Amino acid sequence: MDDAQHLPRIGTLTERTQRPRSVASIAWRRYRRDRPAVAGLIVLLLLVLLALSAGLISEHVTGFSPTQQDIRNRFQPIGSNGYLLGSDQLGRDTFTRLLFGARVSLGIAGLSIVVALLVGAAYGVVSGYFGGWVDGVLMRIVDVLLAVPSLFLLLLIASMWRMGPLALAFVIAATAWVTLSRLVRGEVLALRQREYVEAARIAGDRPVRVMVRHILPNVLPVIIVWASLTVPGLILAEAGLSYLGLGIQPPTPSWGNMLSDSQRVWSHSAALVLLPGIAIYLAVFAINLVGNGLRDALDPRLTE
Amino acid sequence: MSRFIIRRVLLIVPLLIGITMLTFGIANLVPGSPLADLEYNLQRNRELTPEQIERIKHNLGLNQPMHVRYLVWLSNVARGDLGMSIRSHAPVTQMILDRLPNTLLLTTTAFLLSLLFAVPVGVYAAVHRNSWFDRATTATAVAAYSAPTFWLALLLILLLAVKFQQWGLPSLPAGGTYDLRHGGGFWDRVEHLILPAFTLAFVQTAYWTRFIRSQMLEVLGQDYVRVARAKGLRERAVVFRHGLRNALLPLVTLLGLSLPELFAGAVIIEQIFTWPGMGLLAYSGAINKDYPVIMGTVLFAAVLVILGNLLADICYSLVDPRVRQ
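In order, the protein sequence lines correspond to chains A and B. In terms of the working numbering, the first sequence opens at residue 6 and continues consecutively. In terms of the working numbering, the second sequence opens at residue 75 and continues consecutively.
Hints listed in this document are in silico derivations from the structure and should not be mistaken for laboratory results. Honestly, I wouldn't trust all of these hints.
Claimed, not checked - Pairs of lysine to any residue residues, derived as SDA-like cross-links and limited to a Cα-Cα distance of at most 20 Å, are as follows:
1) B:K363 x A:R167
2) B:K237 x A:H273
3) B:K131 x B:E113
4) B:K131 x B:D111
5) B:K237 x A:L279
6) B:K237 x A:Q268
7) B:K237 x A:A275
8) B:K131 x B:N119
9) B:K363 x B:T348
10) B:K363 x A:Q254
11) B:K237 x A:S272
12) B:K237 x A:R269
13) B:K363 x A:G250
14) B:K237 x A:W271
15) B:K363 x B:W147
16) B:K363 x A:G169
17) B:K363 x A:P255
18) B:K237 x A:A276
19) B:K363 x B:I100
20) B:K237 x A:V270
This structure is a prediction, so every number in the text was calculated from the model and none was measured.
With the rest of the complex left out, here is chain A (with noise of 0.2 Å):
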C-alpha cells in the first residue's frame, strides 16, 4: 500500500462540513479498494452461501444425499451420469460431499471462532482492565497453555473423546482463544490510562460497564483482525484432526476425512484426493485474503 493512504487527511473544506464518517464506513472504503481482499470476501460468501444451502442443492439439484452409496457407479469420472464432480470408491456423488462437508467445516470453524473470540476477548479484556494479582494469575494461565502445541493438545483429547462436530469445535474454540486474550489485554493496559476511561472511572461507572462500553469498542478491531486471520488456522486444525482420523467420522463427510478416504485409492481417481485439498485451500486462502484486507482496512498499524 501506498504510503500516502496512511497520512492523516486534512480535507478540503465541503469535505470537513460533511458529517464524520463512523470508523466503520471509513475502514470499508480502504478494504473496497484492495482488490485481493475484495475477491476473497466474494468466494468466501459464495462457499457459504453453498454451504448453508447444501440440502436445498442435494435435493433439486445434484438428486443425490451425501451418504446415499451406489456400487453400480464408482469412480464416476467428473460430469459424468449426473456426478458433477465424479463419485467416489462407494458410489457417493463427490459434490454433494463436498457440499456437505464444507456445512461441516466451516460451521466447525465459524462456531469455534465466536468461542473462541468471547471467550478470550472477556479473559484479557478483566485481565488488563484489574491488572495486579488477577491479572498475574490470569495470564500465568495463558502462558502454560501457549506451551503446548495445541495440535497435541487436540491429539490428547481426541484419543479419548470420540467428539461430535459441536464438541470439536468447543475443543478447538478451547485451544484458540488463547493468543486473543493476550492480545486484548495488551491493548486494554494502554487504553486503561486514557483520560477517557478515567473520566468514566471518576464518574462512578461500575467496572463492567467502563469495560463494555468504553474499552471494548477500542479493541473492537484488533479483536476482528484477529479472528480473520485465526479462522484459517481453525479450519487446518479441523481438516487435519479429520484427515488423522480423530476429528470428525465417516460416513458424516467433512473435507478432511474425504481427503484421507481417497488418499488410499488415489490410483482409480487423482481427482477425489486433488477436490477436498482444493476446498480447504480455496475457503483458507479466501479468508486469509479478507484477514490481511481487514487488517489494513482496520488498524493501518499492523500493516507491513
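Since chain A is already given, all that's left is putting chain B on it; use the hints.
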C-alpha cells in the same frame, strides 16, 4: 546477566507445574478418559462383587483422591518416569528419547531450509519495496501459507515419489528415514529427508519471508540507517551491515515462539511420511488410546517449547542488552 538468566529459569517452574496439571487434568476429566472407561466397565461388570471392585481400585490407587494421585504421578514424572506404554510395554520416556533425534533433524532441517530462502527474498523485497518482485512475493506468500500441509504432502508424494517412478524419472522415497537395501548411508538418509523437510518448510518459508521483509522495512526506516546513508556509505553496506543485522535480531525470539507450530506441523508430516519421530508417536498413541504415550509426548513437547523459549530469551538478551532490565 546471570541474574537475568536465574530469574528467567525460576519462572519456568510454575509453568512446568501448570503443564503437568493441565495434562493430568485432561487425562482424568475428559469424557472417555482411562478412568471414566474403567469406572464404566467396572460398574457394568456383573460378575465382580463390590468388594472385588474396591480391591481393583485399591490396587490401582484409584480409591485415592485426585490430588493425591496427581502428586504420585508428578513425583514419577519429575524422576523422568512417564510410565509404560499400554501397547508395547516399553517405558514411554525411552520411546520418546529414541524418536526425538528424528523430530529434531526434521524440524531443524525444515527451519534452515526456510531461512535459506526467506532471508534473501525478504531482504530483496524490502529493499526494492513496491517493485514487481515485492508485490509478487507478498502475493505468493499468502497463497503459499494458505496451503494445507497434509494435502501438499500427498500431492508431492503422488507426483515425485509415485508418478516419477512410473514414468522412469528419478524419484524420491515416499516414507521412512532410510532404505534397508541401501543400508542407511548418508545420502540415502538425505534422500528420505527431502520430501518431509521440504513440505514442512513450505508454509514456514512464507511466514518467514513476510516477517523478514517487514522487519527489514522497519529497520531501514530508522535514523541510524539514514545517517549511514547520509555519510555516504555504499548501499550494500547500509543494507547488510546496518539493516540486516538489526532486522535479524527478533528472529531469535521468533524461533522460540514458532517451536509449537513446528512441532504441530511435524505431527501430520511425520504421519504422512511415516517419519518415526515424536509426532508419529503421539499420533499412534492417540489412535491406539495409549494414554501414557500420548500424555508423555504432550508433556515432552511442552517442555521442549519452554526450553526453546528460554534459550531464545537468553540468546536475545545476549545480542540485545536493552531487554535485560
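These are the hints, each one checked on the structure:
| no. | hint | result |
| --- | --- | --- |
| 1 | B:K363 x A:R167 | holds, 11 Å |
| 2 | B:K237 x A:H273 | holds, 13 Å |
| 3 | B:K131 x B:E113 | holds, 9 Å |
| 4 | B:K131 x B:D111 | holds, 13 Å |
| 5 | B:K237 x A:L279 | holds, 15 Å |
| 6 | B:K237 x A:Q268 | holds, 14 Å |
| 7 | B:K237 x A:A275 | holds, 11 Å |
| 8 | B:K131 x B:N119 | holds, 14 Å |
| 9 | B:K363 x B:T348 | holds, 19 Å |
| 10 | B:K363 x A:Q254 | holds, 16 Å |
| 11 | B:K237 x A:S272 | holds, 10 Å |
| 12 | B:K237 x A:R269 | holds, 15 Å |
| 13 | B:K363 x A:G250 | holds, 13 Å |
| 14 | B:K237 x A:W271 | holds, 11 Å |
| 15 | B:K363 x B:W147 | holds, 19 Å |
| 16 | B:K363 x A:G169 | holds, 18 Å |
| 17 | B:K363 x A:P255 | holds, 19 Å |
| 18 | B:K237 x A:A276 | holds, 15 Å |
| 19 | B:K363 x B:I100 | holds, 14 Å |
| 20 | B:K237 x A:V270 | holds, 15 Å |
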